[in-house]
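J.: Chains as they are written, first to last, in our numbering: chain C, 1 to 252; chain U, 1 to 500.
Treat the hints loosely; a few may be bogus.
[Said to hold, decoys possible] What follows is a list of derived Cβ distance ranges for each label pair: (1) C:His73 x U:Ser362: 24 to 32 angstroms; (2) C:Phe208 x U:Val376: 40 to 48 angstroms; (3) U:Gly352 x C:Thr147: 25 to 33 angstroms; (4) U:Val376 x C:Leu174: 35 to 43 angstroms; (5) U:Gly317 x C:Thr147: 36 to 44 angstroms; (6) U:Phe411 x C:His73: 25 to 33 angstroms; (7) C:Ala234 x U:Arg264: 55 to 63 angstroms; (8) C:His73 x U:Ser306: 33 to 41 angstroms; (9) C:Arg72 x U:Asp247: 38 to 46 angstroms; (10) U:Phe411 x C:Ser131: 20 to 28 angstroms; (11) U:Ser362 x C:Ala234: 37 to 45 angstroms.
[Unchecked claim] Computed footprint of chain U on chain C, listed as stretches where at least three residues anywhere in the stretch have a Cβ under 8 angstroms from a Cβ of chain U: (12) 84-90; (13) 108-120; (14) 123-130; (15) 183-195.
Think of the hints as simulated: they come from the structure by calculation, not from any bench. Being a predicted model, the structure only gives us computed values, none of them experimental. Note that the Cβ used here is the ideal one computed from N, Cα and C, for glycine as well.
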Amino acid sequence: MDENRQSPDLSLVHDLPVHGLPVHDNGSAMRIEAGEAAPDMVFLPRPTTLVELFAGARDMSAIGFALAQVPRHGSVLWVQDRMSSLEAGYPHGRAITRFGGNPAQLIHVGARNCADALWTMEEGLRCRSLSCVIGEIWGDPRALDFTATKRLAMRAEQQGTPAFLIRFGAAANLSAARQRWRIASLPSVPHPYDDRAPGPPCWQAELFRARGLKPGTWMVHYDRTAHRLDFSAAIPDPAVVEAQRHRSSSGG
Amino acid sequence: MVLAREGRHGPVVHDASRTAYALGVRQGARVTDMRALFPALRVEPANEQADAADIAELTHWCRRWCPWVQADTHTDGAHGLLLDVTGSGHLFGGEPVMAGDIVTAFAALGLTARVALAPTIGSAWALARHGHTGQSVCPAADVAAALSPLGVAALRLDADTTTLLARLGLKTVAALMAVPRAALIRRFRQASAPSANPVLRLDQALGTVPEPLVAAERRLRARSMRKLAEPIADVEPVAHVLADLLDDLCGQLAERDLGARRLRLAGYRLDGGVSAVEVATSRASRDAGHLKRLFEGRLETLDPGSGFEVMTLEATGRQDLPAAQQNLAGNVDEELALSCLIDRLVARLGNGAVRKALLQGSHIPERAEVFVPASVSISGPVSSMILPDAIPAACTSSLSREEAMPLRLLFPAEDVEVLHAVPEGPPARFRWRRQNHIVVRSQGPGRIAPEWWREKSSARLRDYYRVEDKEGRRFWLYREGLPDDGRGGAPRWFIHGLDA
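Looking at chain C on its own, in the form it has when it is part of the complex:
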C-alpha cells in the first residue's frame, strides 16, 4: 500500500463495481434483470412513492441512501420525531451539500411524536412545491400502522413526490411502502490518499419487499458527480476482486 500512497490511483474510487450498472433516471422501465447476460442489470428509477428504509440505531447509512435519491433541486421537508432527533441527532445542512442538496432549501420539522410526524409528512406530500419528503421514526410506535403507510404511499404517488420513511431500530411490520429496504454500513472504500482514513462510504442494501422489483441484496456506492447510486453484487466475484487488487498494486 506504500506505493499506492506515493501515486494515488483515483480510478479506484469510482471504478470499483464491475458487476452491476448504475441506477438510471428514466422512470419507465421498472425491473430488475438479474442473472441474465453477463453483468447484473439494475434499473432503479427515482422513486415517486413511499420508500421505507430500515437502519440500525447508530447507523446513518439509510440517510445517505435516501439523500442519494433526492432530486438535486427543490425544497426538502425533513421530519423527525422526538426520539430520533435525541438518539440520532439533527440533520446537518452543510453535509447535505455532499449529496447535491442545498441547505437553504431544507425545512426541518421536529415533531413531538410519531402521529405529528406522520401528519406533517402527509401535509408535505400534499404540497406541490416540495421535491422530497424525508421522515424519521424511531422504533415501532403504534401510530405507524398499515393504514398510515398506505395513506403516505397514496399521497406520494398522487403528487409524484418521493417520500422516504427512515425507521431506526425498528421491526419490519406490516406496511404499504412500495419499496422496503434494509440498509447497513459496510467498511468503506479505501481512501485515495490515506489508507488509514475512512474513504467514500459503502452500504449494504437489501431490498426485501417491493412492488415491481425483484428483491435482492447489493453493495451500494454513491457516485457524487453523477448523483446516483452504483449497485454492485453484495458478494463480489473473487476474480473481479483479484483483478482490482492487481490493478491497484500495479498502478503504483
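Guided by the hints, dock chain U onto chain C, whose structure is given.
T.: Positioned in the frame of chain C, the structure of chain U alone reads:
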C-alpha cells in the same frame, strides 16, 4: 382645581382650571407652593397617557372638517390639533362659519375649543393660544400685524428661550421682528431644537420657511363580525361562522390590497366572557381556504361556556399584498405553496418546531449552522452570513470543508470514554451510551480553535476526528483541549456527529 404630575422635586402643576389660573396658579409650579398660597386648592393626578390617547382619537374625529389632521406635539403638555382646511372651508359656508362649527361641535363633546385660522401652522398656533378672541380668522396679509402684539412665547418657544429673550428685553413678537435678523441668527446659531430658535420659529410663523403638516394615517381595522340568532357552543357551527367571517374579512382585505399575517377569532360568551384563538401566517394571505385550514384543530381550544352570541374575526397583523396574477396554468406559484405549507405546519406544531437552516460565519459547527423558525424571514447582517447559493459549487472538490462534516449533529455533544494509543493521537476504541466501538480507521485531527472574541479565555480548542468502526459506521469525535494547554485537566472526548 389643578392637575398634578410628578416633577423632579415632588408633584408640580400640570394644568389648572380657569379659576385657578385667574388666582395666579402657574403651570410647572410646585403643588406644595400653590397649596401654601391657596389652601382651598383641589389637586388631582394628571393622566397624560389618557390625554394623548384622547387627542389621537380626536385627530380622527376632526376629519369631518378636512382630510389632514395632525396632533400637535411641539410643546410639552400643550395639546392641540392642527387641521389643514385649505379648500374645504366652502363646504361649511366659508372659513368663519367653519370655525364656529368647530367650536360648537367641540362644545357638544363638552370641550372648550379655541380656534384660529391662519396661513401658517405657527401663526394659527399663536393666535389660538395667545390671541384675544376665542376664534379668529387671519388672512395672509395680516399675519405680521396679528402676531406683533403677542408675547414671544406665542412663537412656540420653550421656557428657557422665552426667559432669555425677556432678559434681552424682547418681550413681544414685534420687538423680536425689529431686531436685525443677522444679529439674531448669530445669537442663536447654537440652538439645535426648533423650539430654542426664535429666528426659525418667526420664519415659520410668517410663512417664509415652509412647515408641512403631517397627517396621521388612519389605520382602519380589518374586522368582521357575526351576531348569532342562537348562542352556539359546538365546534361545527363555529367552523361555519368562521367560514362566513373569513369570506367577509378576505373581501375587506382584497378591497384594500392587504393580506393578513395574524388573525384573531374571538367569541363573546353569553356570560360576558371572551374566548379567543390566534393564528399566524408566514406570508401575507387573503385566501379564505388557506386561512380556514390554519384554524383546523384550534377551534377546540375555544371555551364557549354557555355559548357564543357574537363572533368576530380580526386581522391583527396585516401587510400590503397587491393582487397577483395567476400563471398561465391557473396555478399559484411554488413559493406561495411552500409558505402555505409552513403556515399549516406552524399552526399545528408551533412556531419552534418548523425550522430552516441558517448558515453563519463561524468555524464552530454548532454555531456555523443554526436552525431558525421557518416562518420568520431572515434579515440580518449579510456579512456574517454565507450565501447559500455559493456552497454547492464550492463543494464539488472532494477535499472541501463540507466533506468533513457529518450528516448528523448531536446537540449537545455527548461525553464518550476513549482509549487511545497516544494522548494526542486518534482514538483506538470508544464507549458511547454503554456500547463499545472499535475504531478501525480514523482521520484527523481537524483542529478548530475557540472563538476568543466570544468565549471565555478558558475555552479549549477542539481536535476533530472522523472515525469508522468495525462495522463501517462512522462517527465524528473531538477531543476538547490538549493535555498541556493549561486550561483545565485531562482533555475530554465528545461525540459530535454521526455520518453515513
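J.: Hint says 24 to 32 angstroms; check whether the CB-CB distance for His73 (chain C) and Ser362 (chain U) agrees.
T.: The hinted range 24 to 32 angstroms holds for His73 (chain C) and Ser362 (chain U), with Cβ atoms some 27 angstroms apart.
J.: Using the Cβ atoms, figure out if Phe411 (chain U) sits within 20 to 28 angstroms of Ser131 (chain C).
T.: holds, 26 angstroms
J.: Tell me whether the statement that chain U covers the stretch 108-120 of chain C is true, taking a Cβ distance below 8 angstroms and needing three residues at minimum.
T.: holds (count 8)
J.: Holds or violated: the 25 to 33 angstroms window for the beta-carbon distance between Phe411 (chain U) and His73 (chain C)?
T.: holds, 28 angstroms
J.: Against the range 38 to 46 angstroms, how does the distance between the Cβ atoms of Arg72 (chain C) and Asp247 (chain U) compare: consistent or not?
T.: With a Cβ separation near 42 angstroms, Arg72 (chain C) and Asp247 (chain U) satisfy 38 to 46 angstroms, so the hint holds.
J.: Taking 8 angstroms as the C-beta cutoff, is the stated coverage of the stretch 123-130 of chain C by chain U satisfied by three or more residues?
T.: holds (count 7)
J.: Does the Cβ pair Ala234 (chain C), Arg264 (chain U) satisfy 55 to 63 angstroms?
T.: Cβ of Ala234 (chain C) to Cβ of Arg264 (chain U): about 60 angstroms, so the range 55 to 63 angstroms holds.
J.: Given a hinted range of 37 to 45 angstroms, is it respected by the beta-carbon distance of Ser362 (chain U) and Ala234 (chain C)?
T.: holds, 42 angstroms
J.: The stretch 183-195 of chain C covered by chain U? Criterion: 3 or more residues, Cβ-Cβ distance below 8 angstroms.
T.: With 7 residues in contact (Cβ-Cβ under 8 angstroms with chain U), the coverage given for the stretch 183-195 of chain C holds.
J.: Using C-beta distances, would you say chain U covers the stretch 84-90 of chain C, given that this needs three or more residues below 8 angstroms?
T.: holds (count 3)
J.: Confirm or reject the claim that Phe208 (chain C) and Val376 (chain U) have a C-beta distance inside 40 to 48 angstroms.
T.: 43 angstroms Cβ-Cβ, so the 40 to 48 angstroms window holds.
J.: Note whether the CB distance of His73 (chain C) and Ser306 (chain U) lies within 33 to 41 angstroms or breaks it.
T.: violated, 55 angstroms
This entry does not satisfy hint 8, going by the numbered hints stated previously; all others are met.
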